Amino acid sequence: MKKLINRVEAVVDEATEGLGLAHPDLVRVHAEPRYVARADAPVQGKVALISGGGSGHEPLHGGYVGRGMLDAACPGEVFTSPVPEQMVEAAKAVHGGAGVLFIVKNYTGDVMNFELAAELLQAEGIDVRSVLVADDVAVENSLYTAGRRGVGGTVFVEKIAGAAAEAGASLDEVERIARKVSDNVRSMGMALTSCTVPAKGSPTFELGEDEMEIGIGIHGEPGRERMKLRPADEITEMLAGPVIEDLGLKGGEQVIAMVNGMGGTPLMELYIVYRKLAAILREKGITVARNLVGNYITSLEMQGCSITLLRADDELLRLWDAPVHTPALRWGA
Amino acid sequence: MAGDEPATVDGERVRAFIRRFAEKVAAHKDELTALDAAIGDADHGTNMDRGLQAALERLPGEGAAPADLLKAVAMALISKVGGASGPLYGTAFLRAAGVAAGKEALSPADVAAMFKAALAGIQERGKAARGEKTMVDALGPAVEALEAALGRGAGLGEALAEAARAARQGSDATIPMVATKGRASYLGERSRGHRDPGSLSATLMMEAAAETLPGGTEA
Numbered sequence: 001m002k003k004l005i006n007r008v009e010a011v012v013d014e015a016t017e018g019l020g021l022a023h024p025d026l027v028r029v030h031a032e033p034r035y036v037a038r039a040d041a042p043v044q045g046k047v048a049l050i051s052g053g054g055s056g057h058e059p060l061h062g063g064y065v066g067r068g069m070l071d072a073a074c075p076g077e078v079f080t081s082p083v084p085e086q087m088v089e090a091a092k093a094v095h096g097g098a099g100v101l102f103i104v105k106n107y108t109g110d111v112m113n114f115e116l117a118a119e120l121l122q123a124e125g126i127d128v129r130s131v132l133v134a135d136d137v138a139v140e141n142s143l144y145t146a147g148r149r150g151v152g153g154t155v156f157v158e159k160i161a162g163a164a165a166e167a168g169a170s171l172d173e174v175e176r177i178a179r180k181v182s183d184n185v186r187s188m189g190m191a192l193t194s195c196t197v198p199a200k201g202s203p204t205f206e207l208g209e210d211e212m213e214i215g216i217g218i219h220g221e222p223g224r225e226r227m228k229l230r231p232a233d234e235i236t237e238m239l240a241g242p243v244i245e246d247l248g249l250k251g252g253e254q255v256i257a258m259v260n261g262m263g264g265t266p267l268m269e270l271y272i273v274y275r276k277l278a279a280i281l282r283e284k285g286i287t288v289a290r291n292l293v294g295n296y297i298t299s300l301e302m303q304g305c306s307i308t309l310l311r312a313d314d315e316l317l318r319l320w321d322a323p324v325h326t327p328a329l330r331w332g333a
Numbered sequence: 001m002a003g004d005e006p007a008t009v010d011g012e013r014v015r016a017f018i019r020r021f022a023e024k025v026a027a028h029k030d031e032l033t034a035l036d037a038a039i040g041d042a043d044h045g046t047n048m049d050r051g052l053q054a055a056l057e058r059l060p061g062e063g064a065a066p067a068d069l070l071k072a073v074a075m076a077l078i079s080k081v082g083g084a085s086g087p088l089y090g091t092a093f094l095r096a097a098g099v100a101a102g103k104e105a106l107s108p109a110d111v112a113a114m115f116k117a118a119l120a121g122i123q124e125r126g127k128a129a130r131g132e133k134t135m136v137d138a139l140g141p142a143v144e145a146l147e148a149a150l151g152r153g154a155g156l157g158e159a160l161a162e163a164a165r166a167a168r169q170g171s172d173a174t175i176p177m178v179a180t181k182g183r184a185s186y187l188g189e190r191s192r193g194h195r196d197p198g199s200l201s202a203t204l205m206m207e208a209a210a211e212t213l214p215g216g217t218e219a
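Protein sequence lines correspond, in order, to chains A and B.
The UniProt record's numbering applies: residue 1 is where the first sequence begins, and numbers increase by one.
The UniProt record's numbering applies: residue 1 is where the second sequence begins, and numbers increase by one.
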């Protein structure tokens, strides 16, 4: 393992501390329990959005704390869900009297810890709702699994629900918007290499020089299929096809598209993928209304990418375009 | 009849149980993690050990009631373990504490009710049923064996020993199962052939109970 770290046990604490020092105007970092909060929180009368999950997916979630997006993020250990104490303390620090919305990726540990946190907060009289993100089409049959994993769609839910909350929408309304995004967003990813979790010290899985895994999760969980490496255009088709099909996208519809890097893939290659994705959508008569190309939800230094599509309408586009100012996402502000 | 037996399990026996459970998990830490590496994310042993060591540090002092000890374990597990096993075991201990609340000592029937409540809490939290390759596959048979043994008049020691054996058999039975819960579920058929790590830690818990809760005076 060759990493720019000091001590394995300190990786998450030091990274979180660094985020706070780099963006003191946007966020403040709380150490025990660990959470990242908006610098100006609590914002009175505003629904507070809180997310979190294992670390190692930066900029998710701490990078999305700020105006127009999250009020707080709770980073767990690398690839391990945060514990309820983090969510409870974060919620108490940022709620502005209008309720709290948890945005939770569908992983068993995340779901349970957020559920416990919600129960504890409700017992204290804070209104808490949760929206689950489960957008990974690589996990096909939810009857026989813990359900689809929550991946790239999380960025869309956080941005759009964040805009609604910033505009002063009620908890019911923010929850409705978040669910609308969650219902209309799908993703699929692939890996060229494994990542190495610092505490483990060796790659999570082995992939041959000439191999790739299609349908990989953001922790390097197995995907749909391991196969020989193909050209970028073919890989893009393998990812985009199931996403378009699962969403049931038809000609005349519009989408917000994301080509996301897993952490170890250069932007050059992501643009090659976006080029093909744009062509596939154009051919089907689907308009890309907005797009993101870059590292938004990563898997440490894994090489690979994921494609996320959100079926968009005027309401979602208006909220997407609303000003956002966070360490990792900024426009209009 | 079980209900007529004298209340025998006091706080110090509960403390001994918690200690023994922590010792067993520490001793099997690498085995638990290796099992988890095969079908999950390779942290069950490390996480449970971290949580139980934290629990030992937080146990209230001598003379504490069973419920206070169990609650301290629950809170330590919930706040230190993370992943799925923190909330699952935390809920189990919290529910057990609920049954023990207000009692200085527990009857065998109370002990059975505690494990039953713990199982129900785990099933509720994890939405898991038997046959899904989880800790429920060890705890379910253990609770049944415990209740059946007490029902036919066995003493607490004998009943818990039977429960521990049933847990071990239940854990063995997870080996050929296909996981449908947790991260192992994404492996589908590839999860077959591996013991569920949660079923092993649950077995260790029942074995710790059998070795400590009845104390040395059990007939």
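Simulated from the structure, these hints should not be mistaken for laboratory data.
Treat the hints with care, as some may be off.
To be verified - Result set (BS3-like, lysine-lysine): computed pairs, CA atoms no more than 27 Å apart in a straight line:
| id | chain 1 | residue 1 | chain 2 | residue 2 |
| --- | --- | --- | --- | --- |
| 1 | B | Lys29 | B | Lys103 |
| 2 | A | Lys200 | B | Lys29 |
| 3 | B | Lys71 | A | Lys92 |
| 4 | B | Lys24 | A | Lys200 |
Only a predicted model underlies this, so the values are computations on that prediction, with no experimental measurement involved.
The hints, checked one at a time:
1. B:Lys29 / B:Lys103: violated (33 Å)
2. A:Lys200 / B:Lys29: Given that 27 Å is the threshold and the Cα spacing comes to 15 Å, the pair holds.
3. B:Lys71 / A:Lys92: Holds, at roughly 23 Å.
4. B:Lys24 / A:Lys200: Holds, at about 23 Å.
The structure fails to meet hint 1 from the earlier list, while all remaining hints are met.
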